[in-house]
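*Asks:* What follows is each chain in one-letter form.
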Amino acid sequence: MTGVDFDAIPGFVNRRDGHGETTITIETGQIVAAATHMRDELGFTFLADLAGADYLGWGEQGVAGYWGTPPADAERGWTPPARDLNAPGSWGLQTAPEPKPKRFSVSYHLLRMRPTPERIRLQVWADEAEAVPSVVAVWPTADWHEREAWDMFGIVIEGHPNLQRILLEDDWEGHPLRKDYPLGGEPVRFSDAE
Amino acid sequence: MTMAVRTRDTRARTPIYEGSRIPSPVPTELRVDPSLYEEGDILEINFGPNHPSTHGVLRLVLELNGERVVGLRSVVGYLHTGFEKNMEAKTYWKGITYAPRMDYVAFQANEYAFVAAIEKLLAIDVPPKATWMRTLMLELNRIHSHLVWLGTGALELGAISMFWYCFRERDAILDLFELVAGARMHTRYFQAGGLAEDIPVGFYEECQRFCDSMPSRVDEYEALLDRQAIFLERTKGIGLLSAEDAIALGQSGPVLRASGVDWDIRKDEPYLVYDQVNFDVPVYPNGDVYDRYKVRMNEMRESVRIIQQCLDGIPEGPWISDNRKVVLPPRHELHTSMESLIHHFKLVTEGYRVPEGEIYVAVESPRGEFGCYLVSDGGPRPWRVKFRAPSYVALEAAPTVMTDALIADLIAIVGSLDTVMGEVDR
Amino acid sequence: MAVGKKKLADYGLNTERILMEKRGGPRQDEPAAFEQELGNLEERLMLTTIEKALAWAHRGSMWPDTFGLACCAIEMMSIVSSRYDVSRFGMEVFRSSPRQADLLIVSGRVSHKMAAPLRQIYDQMLEPKWVMAMGACASSAGMFNNYAVLQGVDKIVPVDIYVPGCPPRPEAVLEGIVRLHERIKAGVPPAYELRKAAQG
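Residue numbers (this note's numbering), protein chains in the order written: chain W, 135 to 328; chain Y, 20 to 445; chain B, 404 to 603.
FYI, nobody ran anything at the bench for these hints, they're computed from the structure.
For clarity, every value in this text was computed on a predicted model and none was experimentally measured.
There could be a bad hint or two in this list.
Lysine to aspartate or glutamate pairs mimicking EDC-like chemistry, simulated, CA-CA at most 16 Å apart [to be verified]:
hint : chain 1 : residue 1 : chain 2 : residue 2
1    : Y       : K148      : Y       : E369
2    : B       : K455      : B       : E585
3    : Y       : K148      : Y       : D341
4    : B       : K588      : B       : E495
5    : Y       : K286      : W       : E252
6    : Y       : K148      : Y       : E335
7    : B       : K599      : B       : D526
8    : B       : K558      : W       : E252
9    : W       : K236      : W       : D261
10   : Y       : K139      : W       : E262
11   : W       : K234      : W       : E252
12   : Y       : K255      : Y       : D245
13   : W       : K236      : W       : E262
14   : Y       : K344      : Y       : D144
15   : W       : K313      : Y       : E107
16   : W       : K234      : W       : D261
17   : Y       : K139      : W       : E155
18   : W       : K313      : Y       : E103
Here are a few chain B residues that sit away from chain Y, every Cβ distance over 12 Å (derived from the structure) [what the hints assert, rightly or not]:
hint : residue
19   : H461
20   : S464
21   : A476
22   : R491
23   : F492
24   : P531
25   : I559
26   : L577
27   : R582
28   : P592
29   : E596
So the derived label-pair ranges between C-beta atoms look like this [claimed, not checked]:
hint : chain 1 : residue 1 : chain 2 : residue 2 : range
30   : B       : L597      : W       : G154      : 55 to 65 Å
31   : Y       : E216      : W       : P249      : 47 to 57 Å
32   : Y       : T116      : W       : E307      : 29 to 39 Å
33   : Y       : K113      : W       : K313      : 51 to 61 Å
34   : W       : P249      : Y       : L251      : 35 to 45 Å
35   : Y       : L198      : W       : V147      : 51 to 61 Å
36   : W       : H153      : Y       : L360      : 53 to 63 Å
37   : W       : E264      : B       : I559      : 52 to 62 Å
38   : W       : H153      : Y       : P219      : 41 to 51 Å
We put the CB at the ideal spot given by N, CA and C, even for glycine.
Produce the entire structure from the sequences given, and follow the hints as far as they go.
*Replies:* Dropping the structure here:
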């Protein structure tokens, strides 16, 4: 993305590029200022999506095969071979995913329609009880997305005018999309889903 | 026919209304002015969840002052199915079966968004035959979705016979889907790497026959409604939404284009073969229910154009990638090649592994921007998959468009937002 | 369980479920499971002319309730369309008010939040009333074996007929309707009586 001065965004922590997308990590407390900057200075007037994610147990998922070659280690004088071990089909040779800073992430997918279509992702990180400030004042459409993040993950959105459950009943206990919440349902006979 | 206005700059025309009508403090709730409680009778009623005109299980808690809607609160979640949690527990291959059941009217757009996200993370090449055929199917699905909308929307406004006309064409489209994929709805025809099966013999002729007859049918439908005084009275000037409010509320698709904003992901961020076919994007300036109706009618015509060009342009060749790490090998190879057998076994039991990463893919579903946010940890199952549903966001705009609406207008407005509760609640 | 002298097939009930033999092997003489279930009923039924006439009226114009929830609702709408034409069975009048409806076609997945309204709608219907669980999600939650979906609508309402499919073809739904009509013609009481949930 040309012409965007990322350091000028309030709360800018770092930037990551991948698969044609840019992800900017923002300090959680400064997200409202960053959002206002993105909307007013940089023209990202459209909030496409606001997604929460739970990274409890990240990297511990059992993937078949052997843990592969460790990353470069200058102390011991080890440089990994040149091929990409994370390509699909490298069964038996896989590197562990990069650890995440905190348990929950909230990703804001922004879109700028003019002059040229641009998409960018802002990401903030939060722990269990840490509150994420609400961006409803910046993009009113964030209202229901934040309510869903609260409902499904229990991410407390601070400053939201109406933080209630939206998809589940009001008296539901627990936050289903958390990794420690069971899938639920009934055991099915003669299947391995018991 | 009013000429469509194409302008990217949303400030270049007279605004539909001054300022913003987004309610506050809660943008998704219309709250009654406290003075009205003393003045008149405010009747609080439940509109749904079981209601013939709410397009599914939507509950609107309305506060009425006479016939006028002065308070509105949407309660959703009556169809919450736990898609996202369920898909985290299934391999990608099985997850593709879940995706179409969210927006169950434009099912292939959902499927495609998920499959496109997987393919982008896999960085796999899709053969051109598959991309052209996918475009064709997505456009057929667009017409299908608009027909269902038109049939049910007009039915609610009292134009009851539209239902049978629209469903006649809809059955023709579903026959095409059945010919190609074996199922009428939820075709599960898209696979990571291409299509699940080759295009069957006889499809081109059938589809051509459909393309030949469809434009005159659309004209027929327009003739039934466009010159009907009651329909025009019930839709013109109703449910106004300005361009700024629409963008602030995250609207996309026909709702946004009816407010004068020229934004269509197929034109502006093209995917599949949309940059290789000629089509126009209808944009109308008035932001009312009638304009949303016009946008969708014209989109049906444009879709037929795209389908015709796809029919002419589908190249010969393989219908799915030959990357054996992701795609099942052809059956005859299993008898002769040991590697193919092992690939088949690994793919069927464990599934293909998608490299670690996260991606957001947006497609232009008939309702607007349907997005899939996929986070992969390198394993055979997704870590997090979130779907951005355009109907979810359209319902957020409900209080704004229903300012000063009568309860009869509410039916027309909810219909024009074209919500499908499956994708709202996921 | 004592079995009546007349088999259901003699009443004109021809579905294979009746004629299907018991699990575990061919036993042509022993009545099938469904027959056994209804065995006692046959003796009690003794359809009179009046009851036959009532059964004819019930199945001739059984009005469904507009209870479309999800994808199956779209296929339920297509049975009203002219190609599949449920009007041949007298059922094109979908009533919005459950007080005026006879048949509750639960079409779509029922979430726990929707379970209470579903039960309320069912309770508001007047006897005699029938329930069709249309689709895999209504019959058994289908592919959604999770926290959010009620695992089969027969947990809260007594179901007369299950139509499998995801979504079932319109012809499959019509087949379900035809079988339901056959049941009624044969004098089989609605499911709430069979399951002893209520006295009609």
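*Asks:* Each hint should be assessed against the structure and marked as holding or not.
*Replies:* Hints, verified against the model:
Annotation: proposed proximity of K148 (chain Y) to E369 (chain Y) is violated, straight-line Cα distance about 28 Å (limit 16 Å). Distance restraint check for K455 (chain B) and E585 (chain B): the Cα-Cα separation of roughly 12 Å lies within the 16 Å cut-off, and the hinted pair is therefore satisfied. Our distance criterion of 16 Å between C-alpha atoms is met by K148 (chain Y) and D341 (chain Y), whose separation comes to about 13 Å. Only pairs whose Cα atoms come within 16 Å are accepted, and K588 (chain B) paired with E495 (chain B) is rejected, the gap being roughly 20 Å.
Distance check on the hinted pair: K286 (chain Y) and E252 (chain W) sit about 14 Å apart at the alpha-carbon level, within 16 Å; holds. Using a Cα cut-off of 16 Å, the hinted pair K148 (chain Y) and E335 (chain Y) holds, with the two alpha carbons roughly 6 Å apart. At most 16 Å may separate the alpha-carbon atoms for a hinted pair to count; K599 (chain B) and D526 (chain B) meet this at roughly 15 Å. Between K558 (chain B) and E252 (chain W) the CA atoms are separated by roughly 50 Å; this puts the pair beyond 16 Å, and the hint is violated.
For the hint linking K236 (chain W) to D261 (chain W), the alpha-carbon distance of about 6 Å falls within 16 Å, and the restraint holds. Restraint check for K139 (chain Y) and E262 (chain W): the C-alpha separation of about 31 Å exceeds 16 Å, so the hint is violated. Note on K234 (chain W) and E252 (chain W): the hinted pairing is violated, with a Cα-Cα distance of about 26 Å set against a maximum of 16 Å. Distance check on the hinted pair: K255 (chain Y) and D245 (chain Y) sit about 11 Å apart at the alpha-carbon level, within 16 Å; holds.
With a C-alpha separation of about 9 Å, the suggested pairing of K236 (chain W) with E262 (chain W) holds against the 16 Å cut-off. Restraint check: the Cα-Cα separation between K344 (chain Y) and D144 (chain Y) comes to about 13 Å, which is no more than 16 Å; the hinted pair holds. About 10 Å separates the Cα atoms of K313 (chain W) and E107 (chain Y), which keeps this hinted pair within 16 Å; it holds. Proximity of K234 (chain W) to D261 (chain W) is assessed by CA-CA distance (about 11 Å); at most 16 Å being required, the pair is judged to hold.
Among the hinted pairs, K139 (chain Y) with E155 (chain W) is consistent with the structure: their alpha-carbon atoms are about 11 Å apart, no more than 16 Å. A threshold of 16 Å between alpha carbons decides the hint, and for K313 (chain W) with E103 (chain Y) the separation of about 12 Å falls inside it, so the pair holds. No beta-carbon of chain Y comes within 12 Å of the beta-carbon of H461 (chain B); the shortest separation is about 23 Å. Taking the minimum C-beta to C-beta distance to chain Y, about 19 Å, the non-interface status of S464 (chain B) holds against the 12 Å cut.
The Cβ of A476 (chain B) sits about 7 Å from the closest Cβ of chain Y, inside the 12 Å cut-off, so the non-interface label is violated. Non-interface status of R491 (chain B) relative to chain Y is upheld: no Cβ of that chain comes within 12 Å, the nearest being about 15 Å off. At roughly 17 Å from the closest C-beta of chain Y, the C-beta of F492 (chain B) stays outside 12 Å, upholding its exclusion from the interface. At roughly 21 Å, the least C-beta separation between P531 (chain B) and chain Y is larger than 12 Å, which holds for a residue marked as non-interface.
Against the 12 Å criterion, I559 (chain B) stays outside the reach of chain Y, whose nearest CB is about 15 Å from its own CB. Distance check on L577 (chain B): its Cβ is at least 14 Å (rounded) from any Cβ of chain Y, clearing the 12 Å threshold; non-interface status holds. Interface exclusion of R582 (chain B) from chain Y stands, the closest Cβ pair being 21 Å apart, more than 12 Å. The non-interface label for P592 (chain B) is consistent with chain Y: the shortest C-beta to C-beta separation is roughly 26 Å, beyond 12 Å.
Here E596 (chain B) stays apart from chain Y, with its beta-carbon at least about 25 Å from theirs, past the 12 Å limit. As the Cβ distance of L597 (chain B) to G154 (chain W) is approximately 60 Å, the hint placing it in 55 to 65 Å holds. Taken as a hint, the range 47 to 57 Å is violated for the pair E216 (chain Y) and P249 (chain W), whose Cβ atoms sit roughly 43 Å apart. Look at T116 (chain Y) against E307 (chain W): about 30 Å separates their beta carbons, and that is inside 29 to 39 Å.
As the Cβ distance of K113 (chain Y) to K313 (chain W) is approximately 19 Å, the hint placing it in 51 to 61 Å is violated. The beta-carbon spacing between P249 (chain W) and L251 (chain Y), approximately 37 Å, falls within the hinted interval of 35 to 45 Å. In this structure the hint that L198 (chain Y) and V147 (chain W) lie 51 to 61 Å apart at CB holds, the actual value being about 53 Å. Hint check: H153 (chain W) to L360 (chain Y), Cβ distance near 32 Å, so the stated range 53 to 63 Å is violated.
Taken as a hint, the range 52 to 62 Å is violated for the pair E264 (chain W) and I559 (chain B), whose Cβ atoms sit roughly 40 Å apart. Distance hint check for H153 (chain W) and P219 (chain Y): the Cβ-Cβ separation is about 34 Å, which falls outside the suggested range of 41 to 51 Å.
This entry does not satisfy hints 1, 4, 8, 10, 11, 21, 31, 33, 36, 37, 38, going by the numbered hints stated previously.
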